[in-house]
Amino acid sequence: MERLTTNKFEKWKYQASSWLIMLPGLVLFSFFLWWPLLQSIRMSMYRTRNIELVEFVGFDNYITIFQRTEFLQALSNTLLYTLWSLIIGFLVPIFIALLIGETVRAKGLFRTAAYVPNVLPGLAAIIVWTAFFSAGETGVLNIMLGWFGIDRMSYLSEENLVIPIIVTISTWKGAGATALIYMAGLAGINPELYEAATIDGAGVLKRIRYITIPAIFNLGSTMLILQIIAIFQIMYEPMILTRGGPDNASLSLMLLMWRYAFGGGTMEFGRASAVAVIIAFILLIFTTIYTIVNKRKVNWE
Amino acid sequence: MSSSYKSIRKRIDQSRKPRIGIIRDFDLRSPGVKVSVGVINLLCIFIVIISLFPILWVALAGFKDLREFMSSTYLFPESFDFSMYIRTWTQLNITRNYINSLYVIIGSVVCALVFNGLLAYGLAILKPKGYTIVSKLVMFSLLIPATISLVPLFMNIQYFGMGGFFTPLWLAAGANAFFVVLFRQFFESLPISIIEASRIDGCSPLNTFMKIVMPLSKPIVIVVTIFAITGAWSDFLLPFLVLGNGPYQTVMVRLFIFSTEQTINADDLMRAVVFSMVPPIIIFFVFQKWLTENIVSAGIKG
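From first to last, the protein sequence lines stand for chains G and R. Each residue of the first sequence is one higher than the one before, starting from 0 at the first, in numbering that gives the first Met the number 0. Each residue of the second sequence is one higher than the one before, starting from 0 at the first, in numbering that gives the first Met the number 0.
No wet-lab data here; the hints were simulated from the structure. Backbone N, C-alpha and C define an ideal beta-carbon position, used for all residues, glycine too. Be a bit skeptical, because a hint or two may be false.
[Claimed, not checked] The calculated lysine to any residue pairs, modelled on SDA-like cross-linking and capped at a C-alpha distance of 25 Å, are:
(1) G:K205 / R:V34
(2) R:K135 / G:Y114
(3) R:K288 / G:S16
(4) G:K172 / R:D200
(5) R:K126 / G:S16
(6) R:K135 / G:G219
(7) G:K12 / R:D200
(8) G:K172 / G:T221
(9) G:K172 / R:V285
(10) R:K128 / G:R206
(11) R:K288 / G:G187
(12) G:K172 / G:E54
(13) R:K33 / G:R206
(14) G:K106 / G:K12
(15) R:K135 / R:Q184
[As the list claims (entries may be wrong)] A few chain G residues that don't get close to chain R, going by computed Cβ distances all over 10 Å:
(16) F58
(17) E69
(18) P163
[To be verified] Pair ranges (Cβ atoms, derived):
(19) R:T72 / G:V292: 47 to 53 Å
(20) G:G57 / R:G162: 28 to 34 Å
(21) G:E157 / R:T72: 17 to 23 Å
(22) R:V109 / G:W146: 47 to 53 Å
(23) R:Y84 / G:V292: 44 to 50 Å
I would like the entire structure built from these sequences, with the hints used as guidance.
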């Protein structure tokens, strides 16, 4: 566009008006995203009282939280969330896409139904699941397992079950949308490849191994990193479902941040910010990996 | 005669839709593959059941009164009494929350379209000197979640005295990296010659945006609108911090307070959940075709 202008004043005017057009957006991005992120770093080094910064304390907040068992627990829980989401959250959408891709009739119905959980408000979905897993004899899962003679249990008070259950719930909500992206990737595979492979005598499994998997491998690696980034921010689910319990067994880093800031009677904003900075730092590492992996495909300039 | 023949013929052809996936029609000669095709169909039906069952269940549970909800070990309610829903709606005065949510949605959609659209217009078409820094920052924001800096954001909102009303929620929709990326990708695919022609005809950049770029971008405008609506409807953390216990609570803020403070009967909670699910489900089914097609292209590119 700039090449349309000729003289110097026009060029200057073009630059100025272009930036002016972007200015409102830039102000909002600064106010809602960029500036608060920088403030988090600053605040993590201060002792705070309500919304005021009281005194500069250097890395004291970090040292304090690293000495607290709840932080270490939250950190290891978050890693556990990530691990489970790699097993459940990453693979389930691929299977859904493969399965639905192989159907002929009612494909649209399958696709739509799998996507529906994604449009529900997250909060509402979690409340429904709370009733599902509720401990008493009226818990839906207990009723249904009762049909098969399985004794009732309080699933959400089992320390070993709570994280896999939460990951399953978040997969239930998100898998349909992710599967749509995989389906588009699968549909992009040249059908002649399958025909050629068949002529060469490749069975169905061999076709999956040598054509399908390589074709969606790049997409898969991108989705994998996005999945990790997403699960690292998990907060609503444990917040509503278990309040981080039992005994902090489902406490995530984000939830700990929320708890420090708004959870108790005291607003420990400095400490909360220190947790936020640690999360941001870990996400930055993942993001860097993501951009390296993604570089071949997306060029942002 | 011939038309009925044609329709029968058409039906036969449809039932013989060729398989275009990994498994092909000629594979069906093998009994093993035939069985696995059956299993695949069963699994897909299973996926449908799993996806929809919790939603159906909560709608059914809404017909139970408190006694039945707390004691019944049956999934189905004893009777389908709509007065339960009506009673909860009026007692909790959900109408007011619906109206508040509507205000949030309208403002959020306007802000999402105008501010993200303009920023993307600058990044995709105007490209002034130094725009690459902005595009990198936006890309960075796409991957670092906004929730991380919720604490200082909350403090700033308080500091500027914006708490208690919708303004911060509206403006927050104007700073959405995902929307900027969606707009930007679409703008980049527009024919540049049309935009340059309007410029040669003396149209200012802002006029070009409003009269040429946006009207040409209807598909992405609709997608962003839908996302902004569902996002504004579903969000509850920032709205909770901003609106709190004040008079402007949205449906989700109300639901959040219900679920954390447990000041509500369990059966009323289930009905409140249903009320919160109805609008997004309606929007989804109205725009279903649009969404499933466009999300995919957006997802692939983004």
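Here is what the structure says about each hint:
no., hint, in the structure
1, G:K205 / R:V34, "holds (18 Å)"
2, R:K135 / G:Y114, "violated (31 Å)"
3, R:K288 / G:S16, "violated (38 Å)"
4, G:K172 / R:D200, "violated (50 Å)"
5, R:K126 / G:S16, "holds (11 Å)"
6, R:K135 / G:G219, "holds (24 Å)"
7, G:K12 / R:D200, "holds (17 Å)"
8, G:K172 / G:T221, "holds (20 Å)"
9, G:K172 / R:V285, "holds (20 Å)"
10, R:K128 / G:R206, "violated (49 Å)"
11, R:K288 / G:G187, "holds (19 Å)"
12, G:K172 / G:E54, "violated (44 Å)"
13, R:K33 / G:R206, "holds (17 Å)"
14, G:K106 / G:K12, "violated (54 Å)"
15, R:K135 / R:Q184, "holds (15 Å)"
16, F58, "holds (18 Å)"
17, E69, "holds (18 Å)"
18, P163, "holds (16 Å)"
19, R:T72 / G:V292: 47 to 53 Å, "holds (50 Å)"
20, G:G57 / R:G162: 28 to 34 Å, "holds (31 Å)"
21, G:E157 / R:T72: 17 to 23 Å, "holds (21 Å)"
22, R:V109 / G:W146: 47 to 53 Å, "holds (51 Å)"
23, R:Y84 / G:V292: 44 to 50 Å, "holds (49 Å)"
Of the hints listed earlier, those the structure fails to meet are numbers 2, 3, 4, 10, 12, 14, in rising order.
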